[in-house]
Structure formats: structure tokens, C-alpha cells
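Peer 1: Those sequence lines, one after another, are chains A and B.
Sequential numbering of the first sequence, starting at 1, is according to the UniProt record's numbering.
Sequential numbering of the second sequence, starting at 1, is according to the UniProt record's numbering.
Treat the hints with care, since some could be wrong.
Some chain A residues near chain B, calculated using beta-carbon distances under 8 Å [claimed, not checked]:
no., residue
1, 359
2, 377
3, 380
Examples of chain A residues toward chain B, derived with CB under 7 Å [what the hints assert, rightly or not]:
no., residue
4, 381
5, 383
6, 384
7, 388
8, 391
9, 520
10, 522
11, 583
12, 584
13, 601
14, 608
15, 610
16, 612
According to the in silico footprint, chain B covers these stretches of chain A (three or more CB under 8 Å from chain B) [said to hold, decoys possible]:
no., region
17, 392-403
18, 495-504
Honestly, the hints are just simulated from the structure, not real lab data.
All residues carry an ideal CB built from backbone N, CA and C; glycine is no exception.
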Amino acid sequence: MVETGHFALVLALVLSLVQSLVPLYGAHKGDARLMAVGGPVTVTGFAMIALSFAALTVAYVQSDFSVTNVWENSHSLQPLIYKFTGTWGNHEGSMLLWVLILSFFGALVAAFGGNLPATLRANVLAVQGWIGTAFLLFILITSNPFARLVPAPIEGKDLNPILQDIGLAVHPPLLYLGYVGFSVCFSFAVAALIEGRIDAAWARWVRPWTLAAWVFLTGGIAMGSYWAYYELGWGGFWFWDPVENASFMPWLSGTALLHSAIVMEKRSALKIWTLLLAILTFSLSLLGTFLVRSGVLTSVHSFASDPSRGVFILCILTLFIGGSLALFALRASSLTAGGIFHPISREGALVLNNLFLTTATATVLIGTLYPLVVEAMFGDKISVGEPFFNLTFGPLMIPLLVVVPFGPLLAWKRGDVFAVAQRLMFAFGAALLAVLVTFLFIDGASVFAALGAGLSAWLVLGALTDLALKAGIGNVALDMALRRFLGLPRSVFGTAIAHLGLGLTLLGIVGTLSFEKEAILVMKPGQVLEISGHSLRFDGLTPVRGPNFTEDRGHFSLLGANGQPSDVIMSSKRFYPVRQMPTTEAGIKTMWLSQLYISLGDETGDGSVVVRVWWKPLVTLIWGGALVMMVGGFVSLMDRRLRVGAPARRKSAQAKTSPVAS
Amino acid sequence: MTRKQKRLSVIAGALVFLGAATALTFYALGQKASYFYMPGDLQAATLQPGQRIRLGGLVENGSIVRGQGTQVEFGVTDSEKTVKVRYTGILPDLFREGQGVITEGSFGTDGEFVADSVLAKHDENYMPKEVADSLKAKGVWQETTQ
Chain A
1 MVETGHFALV LALVLSLVQS LVPLYGAHKG DARLMAVGGP VTVTGFAMIA LSFAALTVAY
61 VQSDFSVTNV WENSHSLQPL IYKFTGTWGN HEGSMLLWVL ILSFFGALVA AFGGNLPATL
121 RANVLAVQGW IGTAFLLFIL ITSNPFARLV PAPIEGKDLN PILQDIGLAV HPPLLYLGYV
181 GFSVCFSFAV AALIEGRIDA AWARWVRPWT LAAWVFLTGG IAMGSYWAYY ELGWGGFWFW
241 DPVENASFMP WLSGTALLHS AIVMEKRSAL KIWTLLLAIL TFSLSLLGTF LVRSGVLTSV
301 HSFASDPSRG VFILCILTLF IGGSLALFAL RASSLTAGGI FHPISREGAL VLNNLFLTTA
361 TATVLIGTLY PLVVEAMFGD KISVGEPFFN LTFGPLMIPL LVVVPFGPLL AWKRGDVFAV
421 AQRLMFAFGA ALLAVLVTFL FIDGASVFAA LGAGLSAWLV LGALTDLALK AGIGNVALDM
481 ALRRFLGLPR SVFGTAIAHL GLGLTLLGIV GTLSFEKEAI LVMKPGQVLE ISGHSLRFDG
541 LTPVRGPNFT EDRGHFSLLG ANGQPSDVIM SSKRFYPVRQ MPTTEAGIKT MWLSQLYISL
601 GDETGDGSVV VRVWWKPLVT LIWGGALVMM VGGFVSLMDR RLRVGAPARR KSAQAKTSPV
661 AS
Chain B
1 MTRKQKRLSV IAGALVFLGA ATALTFYALG QKASYFYMPG DLQAATLQPG QRIRLGGLVE
61 NGSIVRGQGT QVEFGVTDSE KTVKVRYTGI LPDLFREGQG VITEGSFGTD GEFVADSVLA
121 KHDENYMPKE VADSLKAKGV WQETTQ
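Can you build the whole structure from these sequences, using the hints too?
Peer 2: Dropping the structure here:
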């Protein structure tokens with residue numbers, strides 16, 4: 001089975017090479033048969049990689065320690081779910097998941113791309129093939145997950161305890177669906193450059209892929225953030241860790257791409273810029289892959305680092321980023337520029353969005369790479385952390401968030417800011433009220449907190465105002481408004497929901513950062529801690545034996561008003577003997593939108609234990625808001641306009657009128 | 001305004017914005033990046049009072065002293081020099097004697113290092129990369145096998 005997996009992977013490489021070259025040559029020569037090779041080869045390649053991945057998964061589930069990779073990252077006593085997710089809880093396996101998802105997206109383009117112009121489809125599949133070839137070579141040469149170990153050990157070395165969590169089942173697959181999803185946008189961009197032709201139909205095709213990738217990436221980042229929050233026991237949700245930044249940069253530029261693609265689709269403007277963003281977004285995904293795999297940065301995510309891997313990925317990175325940008329430089333001037341528009345308009349607002357988002361991406365990029373540059377040039381080791389990002393990223397985001405509600409309300413071509421401002425009066429008034437209420441009635445509220453709460457309210461109400469106005473509530477009879485509301489295009493709903501989610505996330509961040517209460521103390525059994533109006537009693541530690549760990553479980557009771565326990569919270573310190581590694585299992589109690597978070601420290605000897613307790617108001621909104629954003633993206637994806645069949649009719653009509661320029 | 005003037009003003013606006021963002025970024029890099037030192041490097045370094053740095057090394061054997069409540073003191077050493085570090089809070093899971101750590105904070109007036117965060121992140125060798133690199137450079141690195 002293991003050898004079958006290895007063999008399937010080699011076959012996939014060969015298929016990927018065919019996919020890289022034949023359709024491209026066919027498109028160049030205008031040979032329909034050669035171009036038609038692309039589809040079946042892509043789908044077969046996906047099947048081969050899926051087979052290979054299945055083989056590795058079976059080896060993991062069966063604890064086949066004759067496979068080096070399984071031996072290094074699994075243990076027979078591990079619960080089944082972690083044996084399964086352990087498949088991608090290591091460098092080799094996660095790379096295999098990476099190419100599996102890449103080929104999955106390629107297969108989707110092949111399967112649903114029937115109504116694409118034949119040459120565009122052939123070129124897109126070929127570019128996907130190049131990426132696939134590069135990474136399959138990388139896996140086979142430097143990171144073979146199927147290498148055997150002779151003699152086979154009796155027992156494995158266990159999966160890293162931090163990864164023994166349900167988060168591993170969700171976070172990497174979602175994140176890779178996002179990262180790699182942008183490869184489709186990249187392939188479309190490069191294919192357009194190869195053909196030297198780009199039109200609104202192209203944007204209609206690229207936008208759903210961007211949306212889908214963006215939805216997954218949003219989910220992947222949010223899930224990773226929540227996982228780090230509860231698993232590491234530090235109670236933080238974002239650390240500006242280089243690897244977090246590596247996933248955040250494609251998100252920022254992907255968000256910009258999402259917005260500029262709207263302008264391109266609706267107004268045929270910003271074509272070249274959209275193309276460049278598509279290239280940059282996937283380039284940032286590749287950069288992220290490099291940063292995580294090469295071991296050049298210290299972070300919680302460090303994989304086993306091996307210089308040959310770093311160099312290989314650096315070569316892939318240079319080849320793809322350099323190559324695509326060179327192609328862009330050569331061909332972009334031959335693309336026709338788009339229409340001109342007034343700065344105060346929907347297009348203008350979206351350009352502003354792009355300006356802020358790409359600048360923010362650049363600051364995150366600089367902050368992430370600066371330590372590497374300094375170390376390479378001067379040998380000094382420095383770290384760029386939260387203070388830097390607060391000073392640069394923060395000021396860039398605030399004005400952007402302020403103008404978000406204006407965007408969807410401005411008209412295309414030429415908008416009227418004053419009219420829009422009038423319509424937003426209600427949202428503005430309510431936001432002002434939120435500032436005042438926060439500042440006056442909540443103890444310890446800083447100006448920052450009050451303004452943050454106001455900004456969140458502004459975003460949420462601005463999004464609702466957009467929906468209300470578009471439905472005509474207040475202008476037409478209520479039943480008419482309701483009918484209009486239900487008849488609004490899904491993309492309008494999607495926009496409003498996503499912007500609303502952004503407001504919720506901001507509210508969560510502001511609430512947690514400004515009103516968080518923290519207590520670090522030594523607690524004796526029976527001792528009661530008062531924190532933010534909650535009484536928490538420590539009831540003592542009991543040793544517990546898990547399947548592959550032992551733990552000291554701390555029992556805490558949440559006391560009600562009458563002094564009786566109303567709820568129990570458990571927080572423990574675990575020890576995994578195979579890896580000799582302790583972990584902290586935080587005890588978290590969610591109350592409405594807020595959480596009480598308990599993390600255990602060391603025992604002091606007499607049964608007392610160091611305890612760190614946080615009261616985190618509104619913290620769940622941080623991830624809840626991200627979920628809402630995902631829903632928004634998903635709803636937008638369901639828009640009729642973006643349905644796969646929809647562009648076909650218009651495009652064939654357009655193809656007749658616009659001659660192929662080459 | 002003519003169309004050309006309009007376009008120019010938009011471009012000028014964007015350039016001013018980008019210029020401001022660039023200036024802010026470089027100012028922030030100069031101010032907010034914290035340098036990494038091993039105890040032996042400190043003499044050569046010129047530190048402003050209160051300047052935040054990251055101090056890395058090995059936790060000196062037998063140096064951990066627990067004080068009142070959650071206070072703890074320990075020595076961070078690179079086998080050349082040792083610096084006393086004071087910290088209040090919960091030490092990370094992987095904190096132990098002989099383990100590589102990175103502490104972040106600044107020197108107090110009494111010459112003791114007051115840390116507000118202690119990291120014992122790890123790669124396979126249970127050693128932060130900066131600490132491992134510096135120890136290798138100083139020739140006190142020992143390859144350990146698990």
C-alpha cells in the first residue's frame with residue numbers, strides 16, 4: 001500500500017508534466033485535440049495524488065511504523081482521530097495535503113471549465129500543472145513521506161502533543177484550501193498574460209475562485225487563532241508571529257483582489273491592477289509556505305528544518321514570482337487599459353480599499369522580513385513584534401474601517417458623498433451613542449475603547465443601513481420593501497454580511513483588549529477568587545490518566561449568588577511521556593459572548609498551584625465575526641451572476657463582438 | 001479641473017499617502033524592533049536605560065528561586081556570563097533548568113533584568129533558534145539526541 005502511494009505520486013508527477021506542456025503547446029498552435037488533453041490529465045493527476053494521500057493515511061491509521069514518517073509522528077496509543085489527523089501534522093504529510101488540494105482545484109477548473117474559451121482553459125490548466133510539477137518534485141526529492149525504515153521499530157515517537165487536538169483536523173485543511181485556492185487566480189492571471197487578452201468575462205471567472213479561496217482562508221486563519229488561544233494557554237488570540245503574518249498577508253491582498261475584481265467585472269476598469277494582485281496574492285501564499293518550511297524564522301509552527309528544503313522552496317518561489325512578474329512586465333502594456341472614473345464613486349471607494357489593504361500588506365511584509373534582512377546584512381538578531389504592528393498596521397486599518405460603510409452606498413461612475421453621508425446619519429448617530437455609552441457607563445473605559453466600540457457599531461449599522469436602503473425601507477410600503485429585500489441580489493447580502501462580520505470581529509478585539517481582567521495568583525484548595533463579578537473557587541488537583549498522557553486536573557467551581565457552585569471548570573497540566581513534553585489545557589467557560597479562561601502553572605508543593613485567570617469580555621466575537629464574514633463570502637458566491645453556468649451565454653455573445661488580439 | 005489635473009491630484013494624493021506609510025514604517029522599525037542578546041554580548045552593547053531587549057540563553061542549573069506568590073528569579077547564562085532575571089507570572093510549560101529560553105524586558109535600576117515575557121518555544125532540540133545559533137557561535141553547543 002505504501003509503495004502504491006509512492007508510485008502514484010511519481011505517476012502524478014509525470015501526469016503533471018504532461019498537463020504543464022501539452023495544453024500550452026496546443027493553445028499556442030491552436031490545436032483543439034492537444035488542448036483537450038488538459039482536462040482528463042488534470043483529473044487523473046488528482047486521482048493519483050488522492051490515492052497517494054489515502055495510502056499515507058492508511059499507514060497512519062494502521063500505525064505502520066516501518067514508514068519513517070509514521071514512526072516519527074505517531075504512536076499506537078494515540079486516539080484514532082489524532083492518528084488520522086497526524087497524517088498532515090508533519091512536514092511531509094502536510095506538503096502532500098498541499099498538492100492534493102492544488103490538484104483538487106485544478107480538477108475543479110477542468111470539470112467546471114467547459115464553458116471557458118478553450119485556449120484560456122488550456123493555459124490555466126497548464127499553469128496549474130507547472131505549480132503541481134514544482135511541488136511534486138519538491139516532495140519526491142526532499143520530503144518523501146513514504147520512505148521506509150528498516151528494521152521497523154515497535155513503537156512510534158508520538159505526534160507533537162500540541163497538535164493532538166481537534167484543531168489539527170480543521171485548521172490546516174481550511175488554511176491550505178485558502179492558500180492554494182489563490183493558485184487558480186494566479187493561473188488565470190498568467191494565462192491571461194500568455195494570451196495577451198483580458199476582459200470582463202475573465203473577471204467573472206476569477207471572482208468566484210477568489211471568493212472561495214478567501215472564505216477558506218478566513219476560516220483557516222480564524223480557526224488557527226482560536227486554536228492557539230485555547231491550546232497554548234497564553235490567552236492571546238494573535239501574536240504577530242511570522243507564520244501568522246505569512247497567512248495574514250495573502251488574506252489582506254486577497255481581500256484587495258476580491259474588491260478590485262468587482263470593479264473589473266462591473267466597470268472593466270483596474271484590469272492590469274487586478275491581474276497584478278492575483279499574482280501577488282498567490283506569491284504571498286508561496287512566501288508563506290517558504291517561511292514555514294525553511295526554518296528561517298522562529299515560531300510556534302517550526303517544522304523540522306532542513307536546509308535543502310529551504311533552498312528548494314526558495315527556487316520555486318523565485319521561479320514563480322520572478323517568472324510571473326517578468327511576464328507581467330512584458331505583457332501588461334499590451335493589455336487594454338480600462339475606463340476612467342471619478343474619484344468619488346463606488347470604483348473610487350474600492351480603489352481606496354485597495355490602496356489601504358495593499359499598503360497594510362506591505363507593512364506586514366516588511367515587519368516580517370526585516371529581521372531576516374538585518375540578520376543577513378549586519379548579523380544582529382532582532383525581533384519585530386506587536387509594538388511595531390500596532391504603530392503601523394493600526395493607523396492604516398482605522399481610516400479604512402471608517403470608510404467601509406460608504407463604499408456600497410456610493411453609486412458607480414460618479415457618487416455623491418454628501419447624499420451618502422445623509423443616509424448614514426442614523427448609523428453615525430448610533431455609533432456616536434455607542435462611544436458615549438462606552439465612555440461614560442463602563443468602568444475603566446479608555447478613549448481608545450470607546451472609539452473602538454463606536455467604530456464597530458458604525459460598521460455593523462452601516463452594513464444594515466446598506467441593506468435597508470437597497471430594500472427601500474422607509475420609502476415604500478412595508479410589504480413592498482420586504483419583497484424588495486428578499487429580491488436583492490445575493491452579492492448585496494454577501495457584502496453587507498461580510499462587512500457586518502468585520503464589525504463584530506473588531507468589537508471582539510476592542511472588548512478583549514480594553515476590558516480584559518487578569519489575575520495571577522497562588523491558589524490553595526478552597527480559596528475563592530473574585531474576578532469581574534464572578535466568584536471562582538479552586539477545589540484541588542486530581543491526577544488523571546489519559547490514553548497517552550497523564551495530567552493533573554485542576555477543578556474549579558463557579559459560585560452562584562448564594563455561594564453554591566453553579567458550574568464546574570476544569571483546567572489541567574498534561575504530560576506526554578513519549579515526547580517528555582508538558583502541555584497546558586486551558587479551562588474555558590463561555591458565558592454569552594465572553595469567556596472565563598483558566599490556565600494552570602506550577603504546583604508550589606503544599607497542594608497550592610499557580611493559577612492565571614482571565615475574564616475576556618466579548619472575546620468569542622473575534623472568531624464569530626470571522627464566521628459571519630465567511631457566511632458573507634459564501635452567500636456572495638451563491639449569486640446568480642457567479643454561478644458557473646451564468647457567464648457562458650454572455651461570453652459567447654461577447655466573443656463574437658471582440659476580436660481576439662494576440 | 002481638467003481631467004489631467006484631476007488624475008494628477010489623485011496620483012499625488014496616493015503618493016503622499018504611500019510616503020507617509022513608508023515613513024511611519026521605518027520610524028516604527030527603528031523604535032519598536034527589539035534586539036536579541038546573549039548575556040556575554042551585553043558588555044559590548046550600549047543600552048539606553050529602560051530599552052527593551054530580548055535576552056536569551058540557558059536557564060542556569062540550580063538558579064531558580066521562587067519568591068512571593070508568582071514571583072520567580074533565575075539566571076540566564078551562556079556559560080560566559082550569567083544575568084539574573086526577575087519575572088512575575090506563569091512560566092511556560094517547557095521552562096526548566098538547562099533549557100534554552102528567551103526573555104523579553106529591560107534592565108532595572110539594580111542591574112537585574114526584569115522580564116515581562118519568558119518564551120521556551122522549541123524546535124526538535126528544545127531550543128529557540130536564536131539561542132541555538134548563538135551557542136553554536138560560542139562553541140558551547142552540544143548536539144543532543146532525544
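Peer 1: Compare the structure with each hint and give your call.
Peer 2: Results for each hint:
1. 359: holds (5 Å)
2. 377: This hint is violated: residue 377 of chain A lies away from chain B, its Cβ roughly 14 Å from the closest one there, beyond 8 Å.
3. 380: holds (6 Å)
4. 381: holds (4 Å)
5. 383: holds (5 Å)
6. 384: With a closest approach of 5 Å, the residue 384 of chain A hint holds.
7. 388: Given a least distance of 4 Å, the restraint on residue 388 of chain A holds.
8. 391: holds (4 Å)
9. 520: Cβ of residue 520 of chain A sits 5 Å from chain B, so the hint holds.
10. 522: Where the cut-off is 7 Å and the nearest Cβ of chain B is about 5 Å from residue 522 of chain A, the hint holds.
11. 583: holds (6 Å)
12. 584: holds (6 Å)
13. 601: holds (4 Å)
14. 608: Cβ of residue 608 of chain A sits 10 Å from chain B, so the hint is violated.
15. 610: With a closest approach of 5 Å, the residue 610 of chain A hint holds.
16. 612: holds (5 Å)
17. 392-403: Holds, because 3 residues of the region 392-403 of chain A bring their Cβ atoms closer than 8 Å to Cβ atoms of chain B.
18. 495-504: violated (count 0)
Comparing the model with each numbered hint stated earlier shows that hints 2, 14, 18 do not hold.
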